[in-house]
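For the record, the sequence lines run as chains C and W.
All the letters of the first sequence, read from the start, carry residue numbers 1 to 340 under the UniProt record's numbering.
All the letters of the second sequence, read from the start, carry residue numbers 1 to 340 under the UniProt record's numbering.
Keep in mind the hints are simulated off the structure, nothing from the lab.
It is possible that part of the hints are untrue.
Here are some, though not all, of the chain C residues that point toward chain W, as calculated from beta-carbon distances under 8 Å [stated by the list, open to error]:
{"#": "1", "residue": "Ile-94"}
{"#": "2", "residue": "Ser-97"}
{"#": "3", "residue": "Ser-102"}
{"#": "4", "residue": "Leu-232"}
{"#": "5", "residue": "Ala-270"}
{"#": "6", "residue": "Ser-272"}
{"#": "7", "residue": "Gly-273"}
{"#": "8", "residue": "Glu-274"}
{"#": "9", "residue": "Phe-277"}
{"#": "10", "residue": "Phe-278"}
{"#": "11", "residue": "Ser-279"}
{"#": "12", "residue": "Leu-283"}
{"#": "13", "residue": "His-284"}
{"#": "14", "residue": "Gly-285"}
Yeah, the Cβ is synthetic: ideal placement off N, Cα and C, and Gly gets one too.
Number of protein chains: 2
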Amino acid sequence: MRAAVLHAPGDIRVEEIADPRITAPTDAVIRLTATCVCGSDLWPYRGVESLDGPIPMGHEYVGVVEEVGSDVTNVEPGQFVVGSFVASCGTCAICRSGYPSSCVHRVFMAQVGTQSERALIPHADGTLVPLPGTPDADLIPDLLAASDVLGTGWFGAVAAEAGPGRTVAVVGDGAVGLLAVLAARQLGAERVIAMSRHEPRRRLAAEFGATDIVTERGDEGVARLKELTGGLGAHSVVEAVGTQESMQQAIRSARPGGHVGFVGVNHDVALSGEELFFSQVHLHGGPAPVRRYLPDLIDQIWQRKINPGKVFDLVVPLDEAAEAYRAMDERRAVKAMLTL
Amino acid sequence: MRAAVLHAPGDIRVEEIADPRITAPTDAVIRLTATCVCGSDLWPYRGVESLDGPIPMGHEYVGVVEEVGSDVTNVEPGQFVVGSFVASCGTCAICRSGYPSSCVHRVFMAQVGTQSERALIPHADGTLVPLPGTPDADLIPDLLAASDVLGTGWFGAVAAEAGPGRTVAVVGDGAVGLLAVLAARQLGAERVIAMSRHEPRRRLAAEFGATDIVTERGDEGVARLKELTGGLGAHSVVEAVGTQESMQQAIRSARPGGHVGFVGVNHDVALSGEELFFSQVHLHGGPAPVRRYLPDLIDQIWQRKINPGKVFDLVVPLDEAAEAYRAMDERRAVKAMLTL
Numbered sequence: 001m002r003a004a005v006l007h008a009p010g011d012i013r014v015e016e017i018a019d020p021r022i023t024a025p026t027d028a029v030i031r032l033t034a035t036c037v038c039g040s041d042l043w044p045y046r047g048v049e050s051l052d053g054p055i056p057m058g059h060e061y062v063g064v065v066e067e068v069g070s071d072v073t074n075v076e077p078g079q080f081v082v083g084s085f086v087a088s089c090g091t092c093a094i095c096r097s098g099y100p101s102s103c104v105h106r107v108f109m110a111q112v113g114t115q116s117e118r119a120l121i122p123h124a125d126g127t128l129v130p131l132p133g134t135p136d137a138d139l140i141p142d143l144l145a146a147s148d149v150l151g152t153g154w155f156g157a158v159a160a161e162a163g164p165g166r167t168v169a170v171v172g173d174g175a176v177g178l179l180a181v182l183a184a185r186q187l188g189a190e191r192v193i194a195m196s197r198h199e200p201r202r203r204l205a206a207e208f209g210a211t212d213i214v215t216e217r218g219d220e221g222v223a224r225l226k227e228l229t230g231g232l233g234a235h236s237v238v239e240a241v242g243t244q245e246s247m248q249q250a251i252r253s254a255r256p257g258g259h260v261g262f263v264g265v266n267h268d269v270a271l272s273g274e275e276l277f278f279s280q281v282h283l284h285g286g287p288a289p290v291r292r293y294l295p296d297l298i299d300q301i302w303q304r305k306i307n308p309g310k311v312f313d314l315v316v317p318l319d320e321a322a323e324a325y326r327a328m329d330e331r332r333a334v335k336a337m338l339t340l
Numbered sequence: 001m002r003a004a005v006l007h008a009p010g011d012i013r014v015e016e017i018a019d020p021r022i023t024a025p026t027d028a029v030i031r032l033t034a035t036c037v038c039g040s041d042l043w044p045y046r047g048v049e050s051l052d053g054p055i056p057m058g059h060e061y062v063g064v065v066e067e068v069g070s071d072v073t074n075v076e077p078g079q080f081v082v083g084s085f086v087a088s089c090g091t092c093a094i095c096r097s098g099y100p101s102s103c104v105h106r107v108f109m110a111q112v113g114t115q116s117e118r119a120l121i122p123h124a125d126g127t128l129v130p131l132p133g134t135p136d137a138d139l140i141p142d143l144l145a146a147s148d149v150l151g152t153g154w155f156g157a158v159a160a161e162a163g164p165g166r167t168v169a170v171v172g173d174g175a176v177g178l179l180a181v182l183a184a185r186q187l188g189a190e191r192v193i194a195m196s197r198h199e200p201r202r203r204l205a206a207e208f209g210a211t212d213i214v215t216e217r218g219d220e221g222v223a224r225l226k227e228l229t230g231g232l233g234a235h236s237v238v239e240a241v242g243t244q245e246s247m248q249q250a251i252r253s254a255r256p257g258g259h260v261g262f263v264g265v266n267h268d269v270a271l272s273g274e275e276l277f278f279s280q281v282h283l284h285g286g287p288a289p290v291r292r293y294l295p296d297l298i299d300q301i302w303q304r305k306i307n308p309g310k311v312f313d314l315v316v317p318l319d320e321a322a323e324a325y326r327a328m329d330e331r332r333a334v335k336a337m338l339t340l
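Excised from the complex, chain C in its bound form:
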């Protein structure tokens, strides 16, 4: 089958690799309808994460079940499914407590690869959610967003305790940050402040429900945010970047007793214990337990209540994956969808 493979930083090639095969009775194989490129795919693409030889890329997916292992009972061939970027058993204590992304048997789909014609899904029963039927074509981007960026933004907003009466700030205007804006509004937040300096992204943030925009960054952004919040800071802050600067900006933007949900994959970040202590914020984050939210998110999409697929501003066939990576790397695209 064809798959996007990273050979070296900046070198994505779509080439033939072996078809996935079921080896465990809990596996499934799906035929992809669409997949996409994630901000976190850019870390190895940019050489920030080291590479030991060529790796198949991607971890987001929607598609149709082709084959299931003998123990799989929740999904069957022919069903249209969405799954999380982390495969999870659904039955361990950690899954049952709502943290499938830290499942004791978890498999990061990035280690399997989904930018391909087919994909192996471990723990299919725990991981995949079948849809009520075959979706209309225009719902595909929305459903694909649920696989990671919507679910991740949603978790960020939940971890930040966005809700009625709350002022929520979002640091980061990538797809996850933009969808955290959407999530915060859906969760009932009174005010959603998007911290963004890029005009097209600010427009999308406003469309998703942002009530205010702060264009300043770092400590200037914090100062501006405090002006907007009576000097106190936001009740809730979603961090959706993962750098030292963005984490500090998020922590400093929250009021004492406030909540910071951080979903940007942290790279080379060191948080001062003293600052965290005296900030008195709540901090929670990590790889989003997307599977927890999938049934609800799929339902909202199916009922056309939300339109998260708007984050895809570039749609190309899988064969043009290299261009999709380039466009995201150069920030020409917020998020690129790959069709099959």
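For this one, chain C is given, so just place chain W on it according to the hints.
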């Protein structure tokens, strides 16, 4: 009046200083019945925090109101009162949200000093809680503990979401750690694992309700704790030390989705963003909002349901403050009470 004054690291002297005077209409002056030495007093005593000339010490107190400013209405002269180690207005948005220790008008009592015959209490209405009457002498240590260490241990347990069905681990066997054990049990925790290697402290932990003791420290302590919790880690972890090692031990001891309440004042701690991200714990702490808990804690003490004063294993007159500091510095005492 007499007061304990730190002149240089290791040099505590009890000497005459000016009596406190009411300057703001919201001030009160109390006559101390008892005060004590805190683990955090040891930071400047040991020279870890720098010193600009002599400073009056102490921030814990119980006593009788002597005089109040013209705006004070909640307490009056003659009343026996307990207050938090942070003076707070009680009316700002942060106080009302339950975080008086981050009150926008807060005054750390350590900057005022309470190891003295009298003490100035700023924001008396927000800070002081009057008792139903004059307490029996044997309740004084319990009430004094409520002023900081009990309230801080309690906050640690609440921040760690200790409660029914939960396994709670406590890192640190100072007075705060020991009282976090008491708090976790009072909050209904099923199992409380005290991480302590010191025999007398382990005994006290058991008396306060610890069900298990782990004597190993650092990563060995984490490994032992995981053995005790089915490989997953504790639901709730209270950190009550404030060092790099203890913070790491606490974070690594919690299961994914678990809660770490950290109340040890952090010094030179740098937390890895990556580790925090993948640990998927909730982290919350800081200077404890003791005032939030005081009415309930005083009630539990008044009804003789809890006996937190047991942490005082050395009781000396204020004049012997230097010996109290030495005993705590050398770990001969868990906590030293100073009588007046």
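Consistency of the hints with the structure:
no. : hint    : result
1   : Ile-94  : holds, 5 Å
2   : Ser-97  : holds, 5 Å
3   : Ser-102 : holds, 3 Å
4   : Leu-232 : holds, 6 Å
5   : Ala-270 : holds, 4 Å
6   : Ser-272 : holds, 6 Å
7   : Gly-273 : holds, 3 Å
8   : Glu-274 : holds, 5 Å
9   : Phe-277 : holds, 4 Å
10  : Phe-278 : holds, 6 Å
11  : Ser-279 : holds, 7 Å
12  : Leu-283 : holds, 4 Å
13  : His-284 : holds, 4 Å
14  : Gly-285 : holds, 6 Å
Of the hints listed earlier, there is not a single one the structure fails to meet.
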